[in-house]
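*Asks:* Each protein sequence line maps, in turn, to chains A and B. Going left to right, the first sequence walks through residues 1 to 64 as this note's numbering numbers them. Going left to right, the second sequence walks through residues 1001 to 1394 as this note's numbering numbers them.
I should point out that these hints are in silico values taken from the structure, not numbers from a laboratory. Quick reminder that beta carbons are idealized off the backbone N, C-alpha and C, glycines included. A few of these clues could be false.
Stated by the list, open to error - Have a look at the derived ranges for each label pair, beta carbon to beta carbon: (1) B:Leu1175 to A:Thr40: 56 to 62 Å; (2) A:Leu35 to B:Pro1165: 53 to 59 Å; (3) B:Pro1165 to A:Arg44: 48 to 54 Å; (4) B:Pro1365 to A:Glu48: 40 to 46 Å; (5) B:Pro1196 to A:Glu48: 42 to 48 Å; (6) A:Glu48 to B:Gly1199: 16 to 22 Å.
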Amino acid sequence: MRVIVDPVLCEGNGVCTQVAPEVFELGDDDRARVLVEHPTEARRAAVETAVRRCPRRAIRLVEG
Amino acid sequence: MELNPFSYEFQENPYPIYRWLRDHEPLHRNEQLEFWALSRFRDVLPSLVDWATYSSAEGVVLERLDPKMLEATPMMISLDPPRHDRLRKLVSRAFTPRRVESLEPFVRATAVRLLEPLVAQGGGDFVKDFSTPLPMEVIFTLLGVPDADRHQLREWTDVALERDPDTPAIPARALEASLHQMRYWYDLIGELRRRPNDGLMCGLFEAEVETDGGTTRLSDGEIIGFCTLLGAAGNETTTKLLANAAVLFARHPEEYRKILADPMRLSGAIEEILRHSSPAQYAARTVMRDVEWYGRTVPQGARMLLLVGSANRDEREYREPDRFDVDRQIPEPLGFGQGVHYCLGASLARLETRVALEELGKRFPRCAVDEAGCRRVHMSNVHGFASVPFVRCA
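In isolation and in its complexed conformation, chain B is listed as follows (with noise of 0.2 Å):
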């Protein structure tokens, strides 16, 4: 059995895989795609948190990113300690769920506006009429982009993380849409200079980096690197939790009936939503020393991929994991990954399925989707839909 995170009939349904990967090679090696991979809860938790043996600093995805451009526009999410920590501790603030709880009246003015058509109209496409517009109002809000430009950004972002089928290399496509992108920031960076909002973007202009012999100003290529991160952790990721919970409600009315019921259960539902059909599917990792994993030793150098979409799988930690609980008890949850890379936005998101759930359910008693009209996304380390048609029943 092989593991290749670009094979489109992988991304359809990853999980037969993994479980023979759990069973039968819980490390795994990919000669031709040159990585190992983790498969286990036990095995990929601890290496998530070990940044110093698992380093970010190349990337988290499996492709080869340009080494030139992860200088030039350096983002947290792939750098170690401690130059992770200064950038983060910038942003960190507002992300806390304190202030994150402070959007809510937004998130939910925002939600119901977006469904009203949906409920005229008697449905829609889950993806492009709700589960991509919510979130990308919400991150472009915040970092101060104007109404006009989101959706070409938005767009842009999709076709940056698109990938062939079964290989690796990055189309020409995507990191043309990569490129117009880091324009539109550095242009917009340079109007908000001009011009400031109270936006978190224009918050950077000012903020003081703590270096070895004091402190300096942000460069424009790092506030790219935080735009470029932001809008696309924010939308990307997001865009597929919700449409992914609209597809298992769809699957498992049962569960749906029980978190309109009882709103109490929805956190815990969002939790196991993250579980069941986690839109993150792998970190990337380069190990930074040789290390020993079932009596095979992995070099210091090599690709590692901690299975995250696995180790929410695992039957050695979980009871029938392939089962859609929305009552399970998860006390580890990894769907954000853990440790100082642990997702920034984790508040955000969880606040926005928690208010797009619940205004969902206000208007849609039933939650039914037309699965044989459902298209994947193909991306390297995301999983999720493209399109949903979503009807609404009575």
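In isolation and in its complexed conformation, chain A is listed as follows (with noise of 0.2 Å):
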């Protein structure tokens, strides 16, 4: 799986960066940036939580 934020739309909420520490973090310009772009299946579940409760909905989750 890859995990993609869109710049745009993220303002920096910082929700992802709580329920999963390990593969979000807040840049300086104020937006989530991903840390591990192809984070393992153990972490799926809490990018799938932070997918959900982005209150942006600026993060996606793609298989492959």
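Starting from two chains that each stand alone, build the complex the way the hints lay out.
*Replies:* Quick look at the structure:
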């Protein structure tokens, strides 16, 4: 799986960095950055939670 | 059972009607006022996110807004992407959680300055003396509105949103107040173009908007739209949220004691206040294609109310939803909306509420409210109090 943050939609609310800190961090530009573009299956649940809880719906999970 | 958002009785306590709707008519139709409504959490949430099906372009309240007015002073709250995104991008950087954090000392100093007289007098009107002026000073300082003009401008915002009982017709006094407000912003923009300050508004003069053929500057109409929106949204809902908090804590002293004893619980408590007594009760949308709900077809062009206030009390989502519980887990909060229209000021509202409750807690060990003396506002989609008599107890 591949994790993508839409830089236009992201407004740095920081929900993803709280639910999946191993995968996301807040950049200096106040936008979320993907630390691990292809996280392991072990991180799937956390990433899916981040996708679902992002208030701006700025995160996508692409299989493969 | 009928849902009429303009009924004063409904505004007093909408929750029994919401419960009936969720149980019996999760897709509700009001023939007379010509709208449909969704009331369950799992129906409201995805619809809020689906801006392509549920459009904001005809406004987000049930009242019919003048399309010419919407076009003359466009506001991102009543625009769909991509126009929405172009405008939002210009101001979103000013409201990120990190930028908003830097306002904390100013918000705290303002809260303390407003609370001190209430301590000295042993109480006052929580709305008039505290929950109105606190967000007002914050948002108008950000926008660069001179001190002397703030109360008048704030008053116009209130009057512009007031509605008569039972009718969606916008009262003449409300239209008049909107025009006063617009005229004020127009004059202030002229004044600030001549003598710029470092406020948010002057940043908008320089901002470049991407268009198909290149970039353009914002028109005066667009800047007026921004100011009207930020001025209203930055005031009305936070004023209601703070006063709803005071009333809830007065009714539930054990919950107030919990946040006083352990300030770490405060951020969760704020989400619970937003869930239990949300200032924003619904978002209206226009349906862009025929949609099926519960075996019925809602036709393209219909108005749909997404009842956030009801979704927040849905027993399918929350256990004992009517109970106010500061320790409740709220994984997908709806109080600020979700998706492209997610409240731009959510971080600011959370900061103002946290600081306000921290400073209140230091000075008022008990939260005592004269409920018989409370008065509600009568607005279309904003619920809360116009007056909350408040006394200090030892």
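*Asks:* Each hint should be assessed against the structure and marked as holding or not.
*Replies:* Going through the hints against the structure:
1. B:Leu1175 to A:Thr40: 56 to 62 Å: For A:Thr40 against B:Leu1175, whose Cβ atoms are near 59 Å apart, the range 56 to 62 Å holds.
2. A:Leu35 to B:Pro1165: 53 to 59 Å: 55 Å, holds
3. B:Pro1165 to A:Arg44: 48 to 54 Å: Holds: the Cβ-Cβ distance is about 53 Å, inside 48 to 54 Å.
4. B:Pro1365 to A:Glu48: 40 to 46 Å: Hint holds: Cβ distance 43 Å, inside 40 to 46 Å.
5. B:Pro1196 to A:Glu48: 42 to 48 Å: With Cβ atoms ~47 Å apart, the hint holds.
6. A:Glu48 to B:Gly1199: 16 to 22 Å: 41 Å, violated
Hint 6 alone, counting from the list given before, is not met by this structure.
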